[in-house]
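4 protein chains.
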Amino acid sequence: MIIPKEPKLTKEQFEEVVSIVEEYNCRIQPIEGHHRTIYAVLGEERETIMVNRILGLDYIDRFDAVDSPFKLMDIHSELAHHKIKIGDHIVGESPFIIAGHCTIDPKNPNLFIESAHAVKEAGAKAIRGGVWKPRTMPYSFQGDDSSMKILIEAKEQTGLPVDTEVMDDHQLQIAVEAGVDILQIGARNALNYSLLKQVGQATADKRIAVLLKRSIGMGPINEFIAASEYIAAGGNADVMLCPRGTSPTMDGYRNYPDESITPLLKDKTWAPVIVDPSHSVGRAKFVPSAAMAAMAYGADGVIIETHCDPKRGIGDDPKQSITPDVLRKLIQDIDQIWEIRKHYKKELPVTA
Amino acid sequence: MIIPKEPKLTKEQFEEVVSIVEEYNCRIQPIEGHHRTIYAVLGEERETIMVNRILGLDYIDRFDAVDSPFKLMDIHSELAHHKIKIGDHIVGESPFIIAGHCTIDPKNPNLFIESAHAVKEAGAKAIRGGVWKPRTMPYSFQGDDSSMKILIEAKEQTGLPVDTEVMDDHQLQIAVEAGVDILQIGARNALNYSLLKQVGQATADKRIAVLLKRSIGMGPINEFIAASEYIAAGGNADVMLCPRGTSPTMDGYRNYPDESITPLLKDKTWAPVIVDPSHSVGRAKFVPSAAMAAMAYGADGVIIETHCDPKRGIGDDPKQSITPDVLRKLIQDIDQIWEIRKHYKKELPVTA
Amino acid sequence: MIIPKEPKLTKEQFEEVVSIVEEYNCRIQPIEGHHRTIYAVLGEERETIMVNRILGLDYIDRFDAVDSPFKLMDIHSELAHHKIKIGDHIVGESPFIIAGHCTIDPKNPNLFIESAHAVKEAGAKAIRGGVWKPRTMPYSFQGDDSSMKILIEAKEQTGLPVDTEVMDDHQLQIAVEAGVDILQIGARNALNYSLLKQVGQATADKRIAVLLKRSIGMGPINEFIAASEYIAAGGNADVMLCPRGTSPTMDGYRNYPDESITPLLKDKTWAPVIVDPSHSVGRAKFVPSAAMAAMAYGADGVIIETHCDPKRGIGDDPKQSITPDVLRKLIQDIDQIWEIRKHYKKELPVTA
Amino acid sequence: MIIPKEPKLTKEQFEEVVSIVEEYNCRIQPIEGHHRTIYAVLGEERETIMVNRILGLDYIDRFDAVDSPFKLMDIHSELAHHKIKIGDHIVGESPFIIAGHCTIDPKNPNLFIESAHAVKEAGAKAIRGGVWKPRTMPYSFQGDDSSMKILIEAKEQTGLPVDTEVMDDHQLQIAVEAGVDILQIGARNALNYSLLKQVGQATADKRIAVLLKRSIGMGPINEFIAASEYIAAGGNADVMLCPRGTSPTMDGYRNYPDESITPLLKDKTWAPVIVDPSHSVGRAKFVPSAAMAAMAYGADGVIIETHCDPKRGIGDDPKQSITPDVLRKLIQDIDQIWEIRKHYKKELPVTA
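Residue numbers (the working numbering), protein chains in the order written: chain A, 1 to 352; chain B, 1001 to 1352; chain C, 2001 to 2352; chain D, 3001 to 3352.
Hints are computed from structural coordinates only; laboratory data are not their basis.
Heads up, some of the hints might be wrong.
[Claimed, not checked] Below, in silico cross-link-like pairs of lysine to aspartate or glutamate (EDC-like), each with a Cα-Cα straight-line distance of 20 Å or less: (1) C:2197 / C:2169; (2) C:2311 / B:1267; (3) D:3311 / A:15; (4) D:3008 / B:1012; (5) A:311 / D:3015; (6) B:1268 / D:3339; (7) A:8 / C:2078; (8) B:1311 / C:2333; (9) D:3311 / A:177; (10) C:2329 / C:2339; (11) D:3311 / A:61; (12) B:1329 / B:1339; (13) A:5 / C:2044; (14) B:1285 / B:1339; (15) D:3197 / D:3181; (16) A:206 / A:251; (17) C:2285 / D:3012; (18) B:1342 / A:339; (19) A:268 / A:74; (20) B:1285 / C:2153; (21) B:1197 / C:2144; (22) B:1071 / B:1267; (23) D:3285 / C:2267; (24) D:3311 / A:47; (25) B:1342 / A:335; (26) C:2107 / B:1047; (27) D:3083 / D:3267; (28) C:2008 / A:44; (29) C:2005 / A:78; (30) A:311 / D:3339; (31) A:311 / D:3012; (32) C:2311 / B:1012; (33) C:2107 / C:2309; (34) D:3206 / D:3169; (35) A:85 / A:169; (36) A:149 / A:177.
[As the list claims (entries may be wrong)] To spell it out: a stretch of chain C is covered by chain B in this simulated footprint if at least three of its residues, at any positions, have a beta carbon under 8 Å from a beta carbon of chain B; those stretches are: (37) 2031 to 2039; (38) 2132 to 2146.
Because the structure is a prediction, the values reported are computed rather than measured.
Backbone N, C-alpha and C fix where the C-beta goes; we use that ideal spot for every residue, glycine too.
Hey, can you work out the whole structure from these sequences and the hints?
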């Protein structure tokens, strides 16, 4: 939809617009209102270069695209009924809870193994463990390849799938070869399209899921889904979306919680939504409230930093990890909220 | 705490700072770190003019106050155990649900009376009905004094307390005289200190509660609580805080939902928190999710636009009102979430 | 423009939409694209109740209005060539600089009088002096009616027009009677529609200008212009718009500077834009940069806190006031930037 | 600085805090105020794990670090007087203007060569040309290795240094080998620490400058400078910072302009600031205003999309490129603003 600055295009302007869109096999249909006329573009209206050429005309005010831009991740795409299976769990059938350390301490492997067993007993369906970590300062501990062995040891001992963040091709190759089940793309790399393509290609046909965090900053929802489209277009449609708080900070939390985006995502994409309350709020005592709110909003699960002894953690753990005891109770509460939410899928005019 | 721009104040600078704070009966205590020295202000460190004079010095980088600025609304104030009673309901003892029309249609009084009975049957504890409404454009319907009779008629027929928004002294006087039980201060007037003072004074010793919405814009939490302090300082401490979404808009919602602010408020003030999901999300189908999330975050209640026939509503009703049937079901769910939340008040290291 | 959730409305849905818009004397024109059909509303498409009823339909995704909603303040309205004259100055013909104290200290009237003379000599065209001030805490100094005499004394001694902020009807009446030339509406009251109406009515046909600050929070531009429409509709079209920084805060400044909104305002309204850099950045040393940036963006002027002895100021003055000496130099620089900007009005395809 | 939740730590709490900080060779100094006691941490107070452990204690409210975290990029570091030389230009001595295409069209190499000559004649000091481009959708044109030859051809013909964006190691190696003079890191990769490290290492001792854009989202200023520290720590301190607009969008612009961050950056780091107005505002007609505002804020230069025939551009060019004629005039105006700004470096109490 083309909206001119003046109430109506002149004849010359109209002809210039028509000549541009015809190069892209589109047509123009004017819509004459009381006060002004606007111009619909019929055809592939989102063609980037065409849109930019139109926006480049002095007399055009704005262009509003109407169609969805997603081929694979759109809620009406052919993948609309695609189910993601991770370990024994089919995401969407019951709450998918991922729990474990922010960062694995390579000097204390037993701590992580102990936490892994504890979160399994508490009811988690997968284990998170950061092998490598993005840090604001270059001089902070950045993780260590050697922690991968510890993560895989936890997988073997518990039988649960494991999750870790990868930030570049080197880490991606190690994680895929080692047998990681869920690859996380962190918020700082959420729009690193080179990495998204590499991840899609490296995990194609390998039954490895990808947990794509939302980028820092309140980018539009379409940008978030479009990033997941990169992974799917690369060959792997097992993508889950992860709101994790945005900037600017809400004073008192680490970030501005954004679990409320969940129903908006579910209106546009079939992708499961797994919320990260730990990074949203950034303090252990606030995590259970935020996790329950995420489930109330219809999330398919949550990823929660949990540590058998938070004070001994490295990375964000001492500050934002809950204990396995709190996790156990929280999972029971999440299960109850899951039952409550079920009504909203069928009986009531409410998005699911 | 005074942080200088250079690693340390010079002798002359130090003496200038000391001479300023001594005018306000404060003292300076230097704290010498490895790389720099900072300077604590002992005494009434929040004295505005003193702080501004210090910040006016070229060599000062910033000033961080540490004490809470609230006398009455602070969680540690003498009012910490104050309970607000509205009708038969003690806020905080069970979910406080306010429901009804955004705007009363003065031409169709029966519609509002019908909705009032319906929300009572659905389980609401108070009835909202907009007599006057702030509208973005001056040419939109702004409400009508005559609707006050309809609101009071609903109160008499149902026996429930009633809630309406007031925007100026004229409306305030009418509402107080008519017997309104809850006065709402809307988001656009949330920092209208003249009105806040008038409301505090006009309702002092009258057992009228005030529901103060959060201002549009992501203002700091202290600014929100400070606005409630105006009402309490005016003479009425029966103030409830109401997050209702902030700008900038989350694309797809009317506002950016901010029920997640609830635990942060509860850390600083004893005031009950009643969330408004209707204005946060702005579309009926998203309201129940947002209402449940608010309760999961520990809210004391919600205020929900409910209409017996939303299509016939005026104001925001056709767009964002749910029906009494949806409300009934939602209140049952809210009651369940209330029970779930109880654990977090005692057993777990989680804020309540 | 109505955008349905599914690619096309069903026959029943289409008929329901048609029946609603016909009640408001509008028509529907479908626009059939490749992938979906959207529906233009011909007629008074912004009729609020109609729009809300359409948005209340389950199968409608969104509604995009196209026409401008402004009758008086629109850039194409009959007032498009209206000029505002204040004292001897016609706003828009050369930089309009307002300068003076944030707050008049009623105990030190001479300070203000001294600053008034000094800013006049420095080149200011009007004098600001806060008689009353909104303060975050109820216990801070709120201004004093007695300062009005001091403000008017400054007007008489210098011959320059004077500016002060009013927050309620009481203050408005005092200011109008005393002979204030420019009434400021502060950011906290920028959407206080009751006050805006009172101001429009009280100043109609009195040659008093209104300086309307932008509300705190990054509200949409149309909301800002619509607030000015309230004043114009009340009877006074001498309204100037004043960006003054928004929340959330940019770390290091008091607010997030928003002088960059100027060209966007100038695209939609004929109203002059006077930027307030003092409140945007909140520290004296950053004010000149921000003032020059505002002029580079095409502002018609700036309002700058200036104090002959900032350390002795009350309110925000010690922190953010510049001195008359800095102001004099700044005004010279602003004059140069004004000359530079002139090219952009005629020769280049750039908004003015 | 440790701020407890209660007015004072208990004896047990105090001892626990002391025992933690002593593990990291720090000491605690209590500061007793009227209403509460806070606790200074003397020593390396920013040690991440120590801070997180303290924040993990239930009775701690917050922790405020005071020292700057930057070793190389800090305004007081040993590099404080480091000058970056690019081609014949010493950044900071006169306006550094980079201009050219958003995206090089590999099918029309002559267009880019023509623009390169034109921007040189207009007064630009370096030529930008996008060989590869991040695109929201995977199906959009992503750039092409073959365009590198065209970029280098422009360098050879004009004798000006050239600038291009790199998004991964593959592109980085090609660009370094080909002789690119300025490597851009785009907003989406601004916190891609793996890439930042690679860039720092690959350009060490090669006289290649890096132009680091600010990440999307209003992240804190320290996060931006810390990202540049990654590159410097990798071996190359020739880093320039580039504000380019943040989310959320200001309605009417592509992003929310953030040139106003310039004085805040200059308070903390010696790094030059080169602003990108083209991506901030996103429409050609708004670019000159934003460029001049950036210079008014004290930027060392701007990077501007310029195209000899914008309508024939690909990427963002048709929408946001100005023409060489507009650029020539703009550079003259920028030179004048540069002269105006000079006063503020010496005579006035204003940051430079």
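Point to revise | In rising order, the numbers of the hints this structure does not comply with | key: 2, 4, 6, 8, 9, 14, 16, 17, 20, 30, 35, 37
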